[in-house]
Every structure is written in structure tokens, then in C-alpha cells.
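Number of protein chains: 4
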Amino acid sequence: MERPRTVADKIPGYDYGSANVAKSPITLQEFEQLKHSATFTEEDEHWLRVAGDILADQTEELVGKWREVIAAQKHLARCSQKPDGEKDARYSERSGLRFQQWILDTCLRPYDQDWLNYQQEMALRHTSVKKNKTDNVRSAPTIHLRHVIAFNAVLG
Amino acid sequence: MERPRTVADKIPGYDYGSANVAKSPITLQEFEQLKHSATFTEEDEHWLRVAGDILADQTEELVGKWREVIAAQKHLARCSQKPDGEKDARYSERSGLRFQQWILDTCLRPYDQDWLNYQQEMALRHTSVKKNKTDNVRSAPTIHLRHVIAFNAVLG
Amino acid sequence: MERPRTVADKIPGYDYGSANVAKSPITLQEFEQLKHSATFTEEDEHWLRVAGDILADQTEELVGKWREVIAAQKHLARCSQKPDGEKDARYSERSGLRFQQWILDTCLRPYDQDWLNYQQEMALRHTSVKKNKTDNVRSAPTIHLRHVIAFNAVLG
Amino acid sequence: MERPRTVADKIPGYDYGSANVAKSPITLQEFEQLKHSATFTEEDEHWLRVAGDILADQTEELVGKWREVIAAQKHLARCSQKPDGEKDARYSERSGLRFQQWILDTCLRPYDQDWLNYQQEMALRHTSVKKNKTDNVRSAPTIHLRHVIAFNAVLG
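Going line by line, the protein sequences match chains A, W, H and G.
All letters in the first sequence, in the order written, are residues 176 to 331 by my numbering.
All letters in the second sequence, in the order written, are residues 176 to 331 by my numbering.
All letters in the third sequence, in the order written, are residues 176 to 331 by my numbering.
All letters in the fourth sequence, in the order written, are residues 176 to 331 by my numbering.
Heads up, some of the hints might be wrong.
[As the list claims (entries may be wrong)] So, partial list: chain W residues that the calculated Cβ filter (under 10 Å) puts toward chain G:
{"hint": "1", "residue": "Pro316"}
{"hint": "2", "residue": "Thr317"}
{"hint": "3", "residue": "His319"}
[Said to hold, decoys possible] In the DSBU-like style, the derived pairs of lysine-lysine whose C-alpha atoms are separated by at most 35 Å in a straight line are:
{"hint": "4", "chain 1": "A", "residue 1": "Lys305", "chain 2": "W", "residue 2": "Lys210"}
{"hint": "5", "chain 1": "H", "residue 1": "Lys305", "chain 2": "A", "residue 2": "Lys306"}
{"hint": "6", "chain 1": "W", "residue 1": "Lys308", "chain 2": "G", "residue 2": "Lys308"}
{"hint": "7", "chain 1": "W", "residue 1": "Lys210", "chain 2": "H", "residue 2": "Lys257"}
{"hint": "8", "chain 1": "G", "residue 1": "Lys257", "chain 2": "W", "residue 2": "Lys305"}
{"hint": "9", "chain 1": "W", "residue 1": "Lys257", "chain 2": "H", "residue 2": "Lys210"}
{"hint": "10", "chain 1": "H", "residue 1": "Lys249", "chain 2": "A", "residue 2": "Lys198"}
{"hint": "11", "chain 1": "G", "residue 1": "Lys305", "chain 2": "W", "residue 2": "Lys240"}
{"hint": "12", "chain 1": "H", "residue 1": "Lys306", "chain 2": "G", "residue 2": "Lys305"}
{"hint": "13", "chain 1": "A", "residue 1": "Lys262", "chain 2": "H", "residue 2": "Lys262"}
[Stated by the list, open to error] Far from chain H by the CB rule (all over 12 Å, computed), these chain G residues:
{"hint": "14", "residue": "Glu205"}
{"hint": "15", "residue": "Lys210"}
{"hint": "16", "residue": "Phe215"}
{"hint": "17", "residue": "Val225"}
{"hint": "18", "residue": "Gly239"}
{"hint": "19", "residue": "Gln256"}
{"hint": "20", "residue": "Asp259"}
{"hint": "21", "residue": "Glu261"}
{"hint": "22", "residue": "Tyr266"}
{"hint": "23", "residue": "Lys308"}
{"hint": "24", "residue": "Ile318"}
{"hint": "25", "residue": "His322"}
Just so you know, the hints here were simulated from the structure itself, not pulled from any lab data.
All C-beta atoms in this analysis are idealised placements derived from N, C-alpha and C, irrespective of residue type, glycine included.
Bound-form chain A, shown alone (with noise of 0.2 Å):
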């Protein structure tokens, strides 16, 4: 099997396919469904496969562009922020690995049950079940999913 392609050598808190992650509730069979719903078939994995790899490269400043968005707007940047406001370098670069490499796994990854997995355990770090958990920070206990979902206009 070949190894998947990696934003670094150690990414803190990233448990892809670990027995840590969380476990889907959702079946495969459900997650078939859910891609008809998008209308989403194999030629759009094939150039999500293409993007990937253009991308691997600018994973770093791509994130940083978003970052930019979200550093605009103060409900948004509160979310990796300290209580006070402060901002929290060790926590961003940790999560700012994480985000990075969230983009090569979304491309290039199969879709397979630990793909299934990891997108549940990275829901419920968005939410107070695990927000925080991961690197042991003081910050926004929870992210709405209505912005998680708003959010998707910028990363489009």
C-alpha cells in the first residue's frame, strides 16, 4: 500500500485512521447514498484526484487565504482564539498542520471507512463534545455548524 501523501512528518493531534478516532454512525452503504444525493460519480473523485495533486504544493497558502477570512471577522476568529482574545500560535500552527493536511486527505484519500471515520472525529472536534481536546486549549467551546456550513461559500 502506499503511504498517503502528508502536509509533514508529524502532524499533533492528527489520528487518521487510529483507534482513537471517533466512529462513524453512518454505514458505507449510507455514505454511497449521501454522494448519489450530491450527484457526486467517479469522474469528479478523478479530479478531485488532479486537484490534489496540483495542490500539494499550496496547502500552506491556501490556508492561509482562508485564515485571512476568518482573522476578518471576529466571530469567527474567536474560534482558535484565547478566552481574552489573544491569539493562540501554538494551538493555530497545530490545527493550521491539520487544516492543511485536511485538504490532500479530502483530494487524495480513498473514501473508505477510516476516511468516514475521521470526518466524524473532525465534526465533533467542532463541537463541545471535543472542541479543544486535541491540543489541550482554552477557546471557543464550540463551532455552529450553520457556520461550518456557511463557511463552504469561502472554501468553494
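Once you have looked at the hints, place chains W, H and G on chain A.
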């Protein structure tokens, strides 16, 4: 005040602005933040108005196309079918009119408290709390949020 | 109509029956079913009225006892503390009065639409949607439902 | 290690401790906090063990009594019926055995990670995520949490 543009004189179960609809749990101020998260600007609003004017006499066609996608996928098609898999013409017609009207409301209505409340109302009507009740039908009990989100790829 | 019994002339943030409160997503008919699920009868209602009459001048003492349990547990105590772990006297007083009033409302109010709506309002005030907003305080952002349910063992 | 006490040699769909079950999103440490919120002590645990020993040969009778309450209420009865309101003997038998076993597990199992995971698994089996799938039946698609909570008045 101008009368809102509607796709029919009477749209069954269309309770926009009435006291029957749910009350959004989020405030207008939080809604403003949500727009910012999506980098939604006055320019976007302007173009939505323009789109609304153009789409106003194509709503039936648009909904028809979307419903072709839905009909082609068993797990989506059942959302509007009877439990035995038969079509329900009355339900389709009523919800179809509201689906058409949703296009106009999305493009043309002021994004105020009434608008916000009706988003909540429509959301509840896709969940086990209110699905099927507006039209007093027997059909799939819920449409999982993940499919609603995924279907945006078709609507977009 | 009789005036409802209250623990104080003015209870800050106590919006029972006002247009500001949430609207329950469940109907009165569904509420009836809920009573049946709990085998809640008119006899139970009768004894709640009796209890309410007795408890009416003990609400402060009761809330005081419950708060001792809360104070003794760090993960519960922080629900009403400032982020740095300090007490917030103003918040405690305001929410304390509402906590007392909750006893009376639970025992003595008619279980009608206003009652149902206020259950929803109180629920939202324990979640990230409305926690801390009523009193404009900085404190724990949510009280997880599992702890609310567990705490019933203390209230009971 | 002692073999856990079970109500039958083979209990269909009873996956306690297996890799098939969900993984609880809360940690053992958070579970400890939950016990504290309910003021659940080692003494309570002791008496649960005692109760488990006593109830071990009464599980069928107990479940029978609870099911009488369920059967008497249409909105609860339908949770285990076919869509047309007919009984489903096979489903009732399978879920009945698991219901009995739940009594033993609640009283007698160690409250460890496996226990915690199985609480999550059972919870999911009451929601639209997993309801009906274990037994491959057609029945009510979900049991709303409010009714699960309310029914505790019967179980208690």
C-alpha cells in the same frame, strides 16, 4: 408595502409570515454573522434579486429538473412517496408549489425576522418534528440533514 | 384570571408568557402523548398543586440545597462561574430567582401553550444558542443535556 | 474473567463488547462526571448489584409489565409495530430479549468503556440512524428522546 411575488394565488401549507410558523432560535444579529461567514454581501443580494426576476417564470421548470434528480434515486424519491413506494400526487403538488415559491422567497424576500422564522419552519418540516404534518400525508418520516446539505450540489 | 404566584415582584429575565420566548416545536397534542409516556395523570397534577402550595415559601431553601450539590462539583459549578472560576454574584442572584420560580411554575401553572413554550425557552438557555445571553454574562457556554438529565436524581 | 450473566444463550442483535457497536463520543472521565451529576456513588453501585441478583430471574416478567404500559398507548405501541399497525412477533421477541438483557447489564456489568459504548449503540438504535436496522424490520423510524426520558417514570 409591496405584495410578495408568489407562484400561485393559493399555496397550501405556505404559512410565510403567519403566527403558525416556528420562531427561529437565532437572532437577526446572529443571522448577520452567518452572512459574514458565507461572505454574503449586498452585491450577492443584488444579484439574487436579479436572478429572482429572471427565474420567476421558470420555477416550475426548475423544480421539475430537480425532481428528476430526486426521482432517479430511490433513497431520495421515497421522501415524497407513500410507505409502499407509490407516488402521492396530492403531496407532490402541494409541496411542489411550495418548492417553487421557495425559489422566489430565497431570491426576492427581505431577509428579516419573518424570513428567518420561515427557514426554521422549513427546516422542521424536513425533520421528524414536522415532516408530513403540513399536508397530513404518510411518507418518509425525516430527510436527514446530510442529504439536504448534499443536495445543494444539485440546486447550486 | 388569577395572577400566577411568583417568588418576587420582579424576576430579571423571566419572560414567561411573553412574545420574546421561544415557541415550542412540539404541539399540545404531542405534549399530551408525552404525559402518557410518563404515565402522568390528573392525580399527579393534583399532587403537584398541593406540593406547590407547600413549597411556595421554601423555594429559596430548596434552591440553596441544590446549589450546594452543584457547588461541590467542579464541572457543575463552572456552569455559573466566570471563565476564570470566580463566582458571579449578579448572575447567581438572577438565575437563582428564576430557579425558584421554576419550582412554582412546575407545580402550579396550567400546562398550556405558554408553559410548553417556556420549557423550550429554558432548554435553549442551557444550550449554546441562548446560554448566558439573558443575563449578558460570560460563563460556561452550554450545559450538556446529559448533565441536566442526571441532575434530576438530585431534584427528585 | 467471569462470564457476564445473560438471559439467553443467544440474543439476536446483542453486540455488547463487539467491534460492531458504536463508540461513545464521551470519555470515561466525562462519564465519571456524569455519575457525580447524578450523585451516583459506590453505594448505588452496590445496591444495583444486589438488585441485579434478585431481578435476574424476573426479567421476562418485568419487561412484560413495561410492555403492557407501552401497548396501552398507541404512540408508544407503534414503535415496535409494522407500518400498518400489525404486531411483529419476531421483532418483539428479539428486542424483548435485549430489553431483558439490558436489565442485567444495567445492574451487573462493570461500567467501563464497553458499557459506555453500548449505551451509545442502544441510543442510536432508538434514532433514525439505526432504528430497525439490527432486526431488519419495518417499523416506526425513531423513538423521540422526550418519550425515552418520560418512560423512565415507568421503569423507575
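Structure-based check of each hint:
no. : hint                  : verdict
1   : Pro316                : holds, 4 Å
2   : Thr317                : holds, 5 Å
3   : His319                : holds, 7 Å
4   : Lys305/A <-> Lys210/W : holds, 26 Å
5   : Lys305/H <-> Lys306/A : holds, 19 Å
6   : Lys308/W <-> Lys308/G : holds, 25 Å
7   : Lys210/W <-> Lys257/H : holds, 30 Å
8   : Lys257/G <-> Lys305/W : holds, 21 Å
9   : Lys257/W <-> Lys210/H : holds, 30 Å
10  : Lys249/H <-> Lys198/A : holds, 30 Å
11  : Lys305/G <-> Lys240/W : holds, 32 Å
12  : Lys306/H <-> Lys305/G : holds, 31 Å
13  : Lys262/A <-> Lys262/H : holds, 26 Å
14  : Glu205                : violated, 9 Å
15  : Lys210                : violated, 8 Å
16  : Phe215                : violated, 7 Å
17  : Val225                : holds, 19 Å
18  : Gly239                : holds, 16 Å
19  : Gln256                : holds, 16 Å
20  : Asp259                : holds, 20 Å
21  : Glu261                : holds, 21 Å
22  : Tyr266                : holds, 20 Å
23  : Lys308                : holds, 24 Å
24  : Ile318                : violated, 10 Å
25  : His322                : violated, 5 Å
This entry does not satisfy hints 14, 15, 16, 24 and 25, going by the numbered hints stated previously.
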